[in-house]
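Based on the provided sequences and hints, a complete structural model is requested.
Chains as they are written, first to last, in the numbering used here: chain E, 1 to 365; chain A, 1 to 365.
Everything labelled a hint here was simulated from the structure, so no lab data went into it. Owing to the predicted nature of the structure, the values given are computational and were not obtained by experimental measurement. You can trust all of the hints, since none of them are fake.
EDC-like, lysine to aspartate or glutamate: derived pairs with alpha carbons at most 16 angstroms apart: (1) 169/A with 251/A; (2) 281/A with 35/A; (3) 142/E with 92/A; (4) 169/E with 251/E; (5) 264/E with 221/E; (6) 77/E with 92/E; (7) 142/A with 92/E; (8) 305/E with 346/E; (9) 342/E with 304/E; (10) 52/A with 202/E; (11) 342/A with 236/A; (12) 52/E with 202/A.
Number of protein chains: 2
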Amino acid sequence: MAVNEVNVHMNAGNGDTSYSNNSAHQKIGILKSWDVLDETLKDMFTANGFPKCFKMADLGCSSGPNSFFVISHIINKVQELSEENNFGQSPEFEVFLNDLPRNDFNNLFKMLPTFYHKLNPTTQCFVSGLPGSFYGRLFPSKSLDFVYSSFSLQWLSQVPEGLESNNRKNIHMAMASPPEVFEAYLRQYQRNFSIFLSSRGEEMVPGGRMVLTFVGRSVADPSSKDDSAHFTLLADTLVDMINEGLIKEADLHSFNMPIYTASKQEVEAAILSEGSFTLDKLEDFLVPWDAHVEHSDSNNHRPDKYRRGELVSTFIRAYTEPILATHFGTSVMDDLYERYAKKLADYLSMETPTYFILVVSLSKK
Amino acid sequence: MAVNEVNVHMNAGNGDTSYSNNSAHQKIGILKSWDVLDETLKDMFTANGFPKCFKMADLGCSSGPNSFFVISHIINKVQELSEENNFGQSPEFEVFLNDLPRNDFNNLFKMLPTFYHKLNPTTQCFVSGLPGSFYGRLFPSKSLDFVYSSFSLQWLSQVPEGLESNNRKNIHMAMASPPEVFEAYLRQYQRNFSIFLSSRGEEMVPGGRMVLTFVGRSVADPSSKDDSAHFTLLADTLVDMINEGLIKEADLHSFNMPIYTASKQEVEAAILSEGSFTLDKLEDFLVPWDAHVEHSDSNNHRPDKYRRGELVSTFIRAYTEPILATHFGTSVMDDLYERYAKKLADYLSMETPTYFILVVSLSKK
Chain E
1 MAVNEVNVHM NAGNGDTSYS NNSAHQKIGI LKSWDVLDET LKDMFTANGF
51 PKCFKMADLG CSSGPNSFFV ISHIINKVQE LSEENNFGQS PEFEVFLNDL
101 PRNDFNNLFK MLPTFYHKLN PTTQCFVSGL PGSFYGRLFP SKSLDFVYSS
151 FSLQWLSQVP EGLESNNRKN IHMAMASPPE VFEAYLRQYQ RNFSIFLSSR
201 GEEMVPGGRM VLTFVGRSVA DPSSKDDSAH FTLLADTLVD MINEGLIKEA
251 DLHSFNMPIY TASKQEVEAA ILSEGSFTLD KLEDFLVPWD AHVEHSDSNN
301 HRPDKYRRGE LVSTFIRAYT EPILATHFGT SVMDDLYERY AKKLADYLSM
351 ETPTYFILVV SLSKK
Chain A
1 MAVNEVNVHM NAGNGDTSYS NNSAHQKIGI LKSWDVLDET LKDMFTANGF
51 PKCFKMADLG CSSGPNSFFV ISHIINKVQE LSEENNFGQS PEFEVFLNDL
101 PRNDFNNLFK MLPTFYHKLN PTTQCFVSGL PGSFYGRLFP SKSLDFVYSS
151 FSLQWLSQVP EGLESNNRKN IHMAMASPPE VFEAYLRQYQ RNFSIFLSSR
201 GEEMVPGGRM VLTFVGRSVA DPSSKDDSAH FTLLADTLVD MINEGLIKEA
251 DLHSFNMPIY TASKQEVEAA ILSEGSFTLD KLEDFLVPWD AHVEHSDSNN
301 HRPDKYRRGE LVSTFIRAYT EPILATHFGT SVMDDLYERY AKKLADYLSM
351 ETPTYFILVV SLSKK
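The following block contains the structure:
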């Protein structure tokens, strides 16, 4: 791992603030990308038939139930297509769940017996956990038939170099960031996404397919719209805590999120320039910040803004806490996310903010 | 998992009683099986050449450093053979580390960056963790080139049925066990080993090789010699604790180790009867109970019997504690293994007991 590389991981285990129990929001995004996924599988089948063993990967699977939700869907879909086309026996499935080495694989593996139990009993499916960065090689040459990834590719392999002195009270590519910050983030994104594509290019069989869902940016010019206001509010919360002497100012100046939300144009240009894949589809959809909130209350009342603030704070905590805790210390985390919840509540009472999500379908040339 | 199946795992993490820090004994056994391993790889190479990607598995890898020690050795050996034979480029390596789902894979994966770092930088090696019982299918059909396993195959998938009322104060196939106990253990072993072989038979390519090292029995008749006196002493320790009211007698009567130490004749007969593999080699060697003790002290003095008793107790604790703690409760474990250490100390001052280890080399027909 290079010097500046970050070891991003979601909150481990299965407690109240764990990613495992706070990934309902991502599940909504996953469901909205089902159509592209299903069409890709159908097209793949029509074009290539199926191998005896369908080797697939979920890249950036994290440690929650969503990964098994997706894998089950893909397996069912492939079996359905195989039946419709009188392919005979369903293929065997070799499935790789990938994330960085510090991901909580133990928690993921605990769900495996239940996953196997729910499969059609004749299904031959073999699931492994594969620790490693997808910004590099993970699989043998020409071995993968299908690659899936959701809500992972917005993470960069490292914070872009040279941001410390430039981005001061911002923690991401904010509207208020100077031009050098936008440039540094874009360069890091281009480097990362290009390595992602070339690595998969070497690993996939010709005609292999890839469906990638990730957080994108709705505007070409990042200084024209606050598309990641949830990070602006998080930075504001950190500033409040500096003003009360709870966090050091220097710590905020040296902190930036290793996250890049690419525009459609940037994604398209990177795929064209790298050259291993044909871009079959590039679609977008919106998911409200509090999309998962209605699902979290059993009664029919829409929760008030404070409860919604809390639920959005907890969902964002599950994916940001490990990296913030490493930098600012674990002792301030409860306080930080409680304050953040209030800021989110106020914001949610005035705006109806959304994540801008991209879903891409690619074929290996 | 069937009703009676046990979920055997070694002590997790990397603390004082962890398997990770108490597997030096197994490493000595692994080193003693190197010759058979090396000859098997050499013979495999001469007979089949090499695939572009060498797909191999370590079955029952547990969560310590031994697995990486073995994998590194195999990779180096294959690369050496590939150079000697002017094979051109070294094959890629796809490696699966397998154990039951409750194995501490997180601890294993923490060692992965160091493992990759030590490899020759041109080596393409991709390591996954594969949770599941090797008494059943783990891999797609005809996909594996090489299977390795050490110190795992003596574990059964479950305690043989019907032992509860028969084996009373024994916890394994002891000399004092009645004939029904020997029969029940043998039946369970035959069922398990046959499924192990037929599963690997489906998964391996023709000509694929397997090297298996496990604890065996030096005598054909299990009632003729106390070949597992370490378990007899453990049972004696439990009896002492019953006499002091610390453990319930009924708990001991209902406890038996899901371990079978097969004789050479039994191993040979099972392989012949199952039929998927040719038996190329079946060798044995001895490892003293306290073989790892000399390695644990930096000075040149041989530790006294009490220290040796403690070190043997800790090594056995690392692989027996999870299953004993589940049955007798975690609260009595420290006391149990301290008392056991004293019994071991006395025994070691009178005898020079050894484990009888078998190493088997097989070819897929």
